[in-house]
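Produce the entire structure from the sequences given, and follow the hints as far as they go.
In UniProt numbering, the protein residues as written are 1 to 407.
To be clear, the hints were calculated from the coordinates, so they are not data collected in a lab. Since the structure is predicted, the reported quantities are computational estimates derived from the model, not experimental observations. Don't take each hint at face value.
[Claimed, not checked] Taking lysine-lysine and the DSSO-like style, the derived pairs with C-alpha atoms no more than 30 Å apart in a straight line are:
{"id": "1", "residue 1": "LYS295", "residue 2": "LYS224"}
{"id": "2", "residue 1": "LYS295", "residue 2": "LYS179"}
{"id": "3", "residue 1": "LYS179", "residue 2": "LYS263"}
{"id": "4", "residue 1": "LYS179", "residue 2": "LYS374"}
{"id": "5", "residue 1": "LYS263", "residue 2": "LYS224"}
[What the hints assert, rightly or not] Pairwise CB distance ranges, derived in the manner of DEER restraints:
{"id": "6", "residue 1": "ASP30", "residue 2": "PRO308", "range": "27 to 33 Å"}
{"id": "7", "residue 1": "ASP222", "residue 2": "ARG186", "range": "28 to 34 Å"}
{"id": "8", "residue 1": "ASN146", "residue 2": "VAL9", "range": "58 to 64 Å"}
{"id": "9", "residue 1": "ARG242", "residue 2": "CYS177", "range": "32 to 38 Å"}
{"id": "10", "residue 1": "SER316", "residue 2": "SER38", "range": "42 to 48 Å"}
Yeah, the Cβ is synthetic: ideal placement off N, Cα and C, and Gly gets one too.
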Amino acid sequence: MEVEPGSNVWEDAPDNILLRVAAYLPFRLDRLRMSLVSPHWRRALCGRGQGRPPQLPLLPPLPPVLPWLVFPNTEEPSLFCAIDRMRYPLGLSRDVRNARFCGSCDGGWLVLALDTRPTQYALYNLYFGQRIPLPGGLAIPDGAGNVPLVLRAATFTSSPTSPGPNGYMIGAIVLVCSKWCAAFWREGLPNWITSESDDVWMSRPPQDVKFAGGAFFFVTADEKIVMYVPTFAGDENQYVMRRYDCDMLQRDGYADDLQGNAKIARYLVDSRGVLHMVLRYIYNNQGTARFRVFKYQVLPQVADDVPPTGTWLSVSELDGQMLFLGQGCSRSIEVAQFEGFEGSTIYFPDDRFIPDPEPTVDNRRSYSFIDMGKYSLQGEQGAVQPWPPVDRRPARSDKAPPTWWLH
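Put into C-alpha cells, the structure is as follows:
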C-alpha cells in the first residue's frame, strides 16, 4: 500500500487491525485510552452506537488484574502496580486529591468524602472520571427526619459499571450524632436509609462491612455479626432493610486476645462464597505482627423455635488463595491466575486513620505508610515482609491512608 508523505496510516486503519492491536493491551485503562484516539478508533473498538468507552463490547475479555494500591496525596497522588512492582503518578483533579477515600469496588470506582462544608459525598471512577453524587443525610425511622452523617467505610453489591438486575447498592459504616449505625443507598434515593426497626444504632463500633450471599454483614469490635437484608415491601414495593442480630458463640482464643496487649483490626472477606474474618494484631512497639483467619459458620438449629447460632472457625491456610485487605473492599484472589505469587498470603496497607506525630510543612496532618506489607499464614509466626518495597512507596500522606483500585 502506497502512503502519501505526511499522512497517518493509522488514522483510517481497518477495524480488524485495531481490534487485534487492542487485544494485546492487558489493562482496561490502556484500551480506553486507545478508544479515545479518534472517532474512527472508538467505533472500531466500541461498535457503532454501542455503549460508552468503558464497555468496549467488541474486545476479548480482559485478563485478571491484581488490585493496584493508591496512595492519596493532595499534591502528588500515586499508585503501585503489583505485577511490575512499579509506582506511577496518578493524575487526579484538585477536588479528588483533596477528598477522603471511603471505599472502592470493581470497575475502578471510589467513594469520596469531598473537602467541602458541609461534607459532600460522591462516587468517582478512576478510569474515565465519571461522578455520581451521593446524599449527605440519613433518614431516621423514628421521625428525626434527615440528619447529617459521617461516612467511614463502604461496600457495594455490584459495580455501577455493570449493575445487577436490581441495580447496585452501597452499604456503609457511618457516624450519626456521635453514634454508630449502618446506612444504605441505591440509585434514585434522595437520602441514605437504615433499618426499619426501632433498633437503629449499634452498641459496639462496627469495624468492617461486606456484601455476600445477598446480605450486608457488619462485624463489630466484639466480633458479633449484624446482618441487613434488602427487601421489597409495602404497597409501592419499596426497598427496606431488614436487620438481624446474629447469635454468636465465642471463638477459641477470644478471651486471651482481650487480655493481650495488641490492638486487633477486623476485616471481612468473601472467599469462594464463604464469609471470612481476618484478625490483624497490631502492637505499639512493632506494628502489625501476625494475622489469624476464621470462617463464618451457622450451626444447625436445635429446635424450630430457636434461632440459629453462628460461630467463627479457625482457618490455617487459604487453599491457593491470597487476600488483599481493606475496609469494605477486601478481596480473595486465586493465586493460580498470577505467576510469582504464593497462596495463603495476606497483603495489607497501612489503613489506620492515625496522624503521624510530625505534621507536614504547612501543618496539615500526615498519615504514615510504614505499617504495611505481606504475611504468609504458612510461614513462621510474625514473618511480616515489606510490601510494596520501601523505595516504591511514599513515606506518608497528607490526606488519608492508601486504598485499593479494584478492576
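The hints, checked one at a time:
1. The suggested pairing of LYS295 with LYS224 holds, with an alpha-carbon distance near 13 Å, which does not exceed 30 Å.
2. Proximity of LYS295 to LYS179 is assessed by CA-CA distance (about 29 Å); at most 30 Å being required, the pair is judged to hold.
3. Taking the CA atoms of LYS179 and LYS263, the gap is about 22 Å. The hint holds against a cut of 30 Å.
4. Proximity of LYS179 to LYS374 is assessed by CA-CA distance (about 34 Å); at most 30 Å being required, the pair is judged violated.
5. Between LYS263 and LYS224, the direct Cα distance comes to roughly 17 Å. Compliance with the 30 Å bound is thereby established for this hinted pair.
6. For the hinted restraint 27 to 33 Å between ASP30 and PRO308, the CB-CB distance of approximately 48 Å leaves it violated.
7. Checked against the hint of 28 to 34 Å, the C-beta distance between ASP222 and ARG186 comes to roughly 30 Å, which is consistent with it.
8. The supplied range of 58 to 64 Å is met by ASN146 and VAL9, whose beta-carbon atoms lie about 59 Å from each other.
9. Here the CB-CB span from ARG242 to CYS177 is close to 23 Å, at odds with the stated 32 to 38 Å.
10. Look at SER316 against SER38: about 55 Å separates their beta carbons, and that is not inside 42 to 48 Å.
The structure does not agree with the numbered hints 4, 6, 9, 10 stated previously, though it agrees with the rest.
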